[in-house]
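*Asks:* One letter stands for each residue in the lines below.
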Amino acid sequence: MGFIEFMDLKLPIYLDNNATTPCDPRVVEAMLPYFTEKFGNAASRSHAFGWVAEEAVDYAREQVAKLINAETKEIIFTSGATEADNLALKGVFEMYASKGNHIITCTTEHKAVLDTCKHIEKLGGEVTYLPVKADGLIDLAELEKAITAKTILIAIMYGNNEIGVVQPIREISAIARKHGVLFFTDATQAVGKIPVDVQADGIDLMAFSAHKMYGPKGVGALYVRRKNPRVKVTAQMDGGGHERGMRSGTMNVPGIVGFGKACEICRKEMEAEAARLSILRDKLEKGLLELEEAYVNGNTEHRLPHVANISFKYVEGEGLMMGFNKNIALSSGSACTSASLEPSYVLKALGLGDDLAHSSLRFGLGRFTTEEQIDYTIGAIKETVLKLREMSPLWEMFKEGIDLNSIEWAHH
Amino acid sequence: MAYSEKVIDHYQHPKNVGTLDKAKKNVGTGLVGAPECGDVMRLQIEVDEESGIISDAKFKTFGCGSAIASSSLATEWLKGKTVDQALAIDNMDIVEELNLPPVKIHCSVLAEDAIKAAINDYRVKNGLAELELEEKKH
Ligand SMILES: Cc1ncc(COP(=O)(O)O)c(C=O)c1O
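Chains A and B, in that order, are what the protein sequence lines are.
Quick note: the first sequence uses my numbering, first residue 1, plus one each step.
Quick note: the second sequence uses my numbering, first residue 1001, plus one each step.
Just some of the chain A residues that point at chain B, by a computed CB distance under 7 Å:
{"no.": "1", "residue": "E316"}
{"no.": "2", "residue": "E318"}
{"no.": "3", "residue": "G319"}
{"no.": "4", "residue": "M322"}
{"no.": "5", "residue": "D355"}
{"no.": "6", "residue": "H358"}
{"no.": "7", "residue": "S392"}
{"no.": "8", "residue": "L394"}
{"no.": "9", "residue": "W409"}
{"no.": "10", "residue": "A410"}
No farther apart than 27 Å at their CA atoms in a straight line, the calculated lysine-lysine pairs in the BS3-like style are these:
{"no.": "11", "chain 1": "B", "residue 1": "K1022", "chain 2": "B", "residue 2": "K1116"}
{"no.": "12", "chain 1": "A", "residue 1": "K178", "chain 2": "A", "residue 2": "K133"}
{"no.": "13", "chain 1": "B", "residue 1": "K1015", "chain 2": "A", "residue 2": "K399"}
{"no.": "14", "chain 1": "A", "residue 1": "K227", "chain 2": "A", "residue 2": "K73"}
{"no.": "15", "chain 1": "B", "residue 1": "K1116", "chain 2": "B", "residue 2": "K1025"}
{"no.": "16", "chain 1": "B", "residue 1": "K1006", "chain 2": "A", "residue 2": "K382"}
{"no.": "17", "chain 1": "A", "residue 1": "K399", "chain 2": "B", "residue 2": "K1125"}
{"no.": "18", "chain 1": "A", "residue 1": "K326", "chain 2": "A", "residue 2": "K10"}
{"no.": "19", "chain 1": "B", "residue 1": "K1125", "chain 2": "B", "residue 2": "K1024"}
{"no.": "20", "chain 1": "B", "residue 1": "K1015", "chain 2": "B", "residue 2": "K1116"}
{"no.": "21", "chain 1": "A", "residue 1": "K326", "chain 2": "A", "residue 2": "K283"}
{"no.": "22", "chain 1": "B", "residue 1": "K1006", "chain 2": "A", "residue 2": "K326"}
{"no.": "23", "chain 1": "A", "residue 1": "K286", "chain 2": "A", "residue 2": "K387"}
{"no.": "24", "chain 1": "A", "residue 1": "K268", "chain 2": "A", "residue 2": "K73"}
{"no.": "25", "chain 1": "B", "residue 1": "K1025", "chain 2": "A", "residue 2": "K399"}
{"no.": "26", "chain 1": "A", "residue 1": "K399", "chain 2": "B", "residue 2": "K1024"}
{"no.": "27", "chain 1": "B", "residue 1": "K1022", "chain 2": "A", "residue 2": "K399"}
{"no.": "28", "chain 1": "A", "residue 1": "K150", "chain 2": "A", "residue 2": "K232"}
{"no.": "29", "chain 1": "A", "residue 1": "K217", "chain 2": "A", "residue 2": "K118"}
{"no.": "30", "chain 1": "A", "residue 1": "K382", "chain 2": "A", "residue 2": "K10"}
{"no.": "31", "chain 1": "B", "residue 1": "K1079", "chain 2": "B", "residue 2": "K1006"}
{"no.": "32", "chain 1": "A", "residue 1": "K227", "chain 2": "A", "residue 2": "K90"}
{"no.": "33", "chain 1": "A", "residue 1": "K326", "chain 2": "B", "residue 2": "K1015"}
{"no.": "34", "chain 1": "A", "residue 1": "K66", "chain 2": "A", "residue 2": "K38"}
{"no.": "35", "chain 1": "A", "residue 1": "K382", "chain 2": "B", "residue 2": "K1015"}
{"no.": "36", "chain 1": "A", "residue 1": "K133", "chain 2": "A", "residue 2": "K118"}
{"no.": "37", "chain 1": "B", "residue 1": "K1015", "chain 2": "A", "residue 2": "K387"}
{"no.": "38", "chain 1": "A", "residue 1": "K99", "chain 2": "A", "residue 2": "K150"}
{"no.": "39", "chain 1": "B", "residue 1": "K1022", "chain 2": "A", "residue 2": "K387"}
{"no.": "40", "chain 1": "A", "residue 1": "K217", "chain 2": "A", "residue 2": "K111"}
In case anyone wonders, no lab produced these hints; they're calculated from the structure.
None of these values were measured; they are calculated from a predicted model.
Just so it is clear, CB atoms sit at the ideal spot from N, CA and C, and this is done for glycine as well.
I would like the entire structure built from these sequences, with the hints used as guidance.
*Replies:* What follows is the structure, encoded as structure tokens:
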């Protein structure tokens, strides 16, 4: 596009903040001393280098706990949300084996949860994968029906990474409480973006990650409730007994310091940021929905403020992205872009046909997204969709009133 | 994934996008692929009845950049060939010309299928026997 008004715009534009976020410069600044002069091992009790590092970790733990209204002793630092998901699921499965072996989760969870559940099944666990409704939310009645005498854990994510849908967390935790079942949530996409309060939300275990909230990659945490009830997990990483034996391994001090700083910034700025981003997101969505046959995927009322997932019917996602991916970075639910060759299982779980799943784009706005970037994006995507539809046999058939389902496609 | 320059060029400046009148006896149409698989190609040829030479070719494709480029290239190659010469176009020629990576070879196979399907449609319309086509792996 050669629009004059975008002359000063710096390209490419990053709109894939669900995949990862850039570090906030304030976070990097806080981390830097811990690589060089304050390099100590937080477990070194015998000298000042260790004490300084330990102090930094303690402070970060406070910053992290405060963001989610937890106690510092309830935070276990990990290498990220994947490890926290593994520790929560496997740790509960092992710890509560005498009580039961049944876990309830849902089909739109992140692979870090789904594949861990698959692993647990191999170890003799039973897992119920709840379907979701067409809007991506679980059915609470179905959840309650799935609970048996053997159920030990409900694992339902807070906000979905592909469509941004936010599950009814308080209703879920109430059901869990009522039946004496623990409730774990993967809140990787929600923490730091919307208010997450482990007390008010009734959460027993929660996984989250620094690099989704403007902190560094490779550090995250598992929240484990210590009161009402006291929750325990079996360690999955044995060794030096760090993190009260829950997670051995030398603490990633610079990472943890950055994580703490990122949490503090989010706590202070989240409300204003969410308001600003939801206005931009809505503008983006409104602009793109001016196209014919464009549809938002997932519930739009219960949704993270910075996420939109839209299908542009009759154009294929990877082909679409090629039209602008030199200038705009985002991701598609299309098979061709992901490593798996299957279109997004999350979109399919909503009941979308493969064709619509292939035609989807995911937009993840972030702290550094500007209105100018959104304006540019609307223009570039619209232009590409229109161009590709001119090239699409499916669009031509649709315009001629041919029902695409009436055609016998050659499947291979 | 990075695309080859040739794929990008066809994507940005596709050759012969369009529609021929499929009611005409000398027009053959091939429609291959499926929306669920993320690729649908429609390729059409118009044959000059006196010379037997393909005088025009058009395509429309729903798919990734490599699928668009494969069909665009196919239409370029088809024009000026006789129907028999067109049958000799092999998907590996397309792979080579466009530098397609292994994960995109299916796009070239689809383009070859589309050429053959268009030729068969033309043959059937003109009272010729349908050709048996070998199945290629997608
Ligand atoms: C919902 C969810 N859970 C878990 C993860 C994995 O997080 P990490 O990269 O910190 O291991 C991600 C990020 O991809 C995510 O979006």
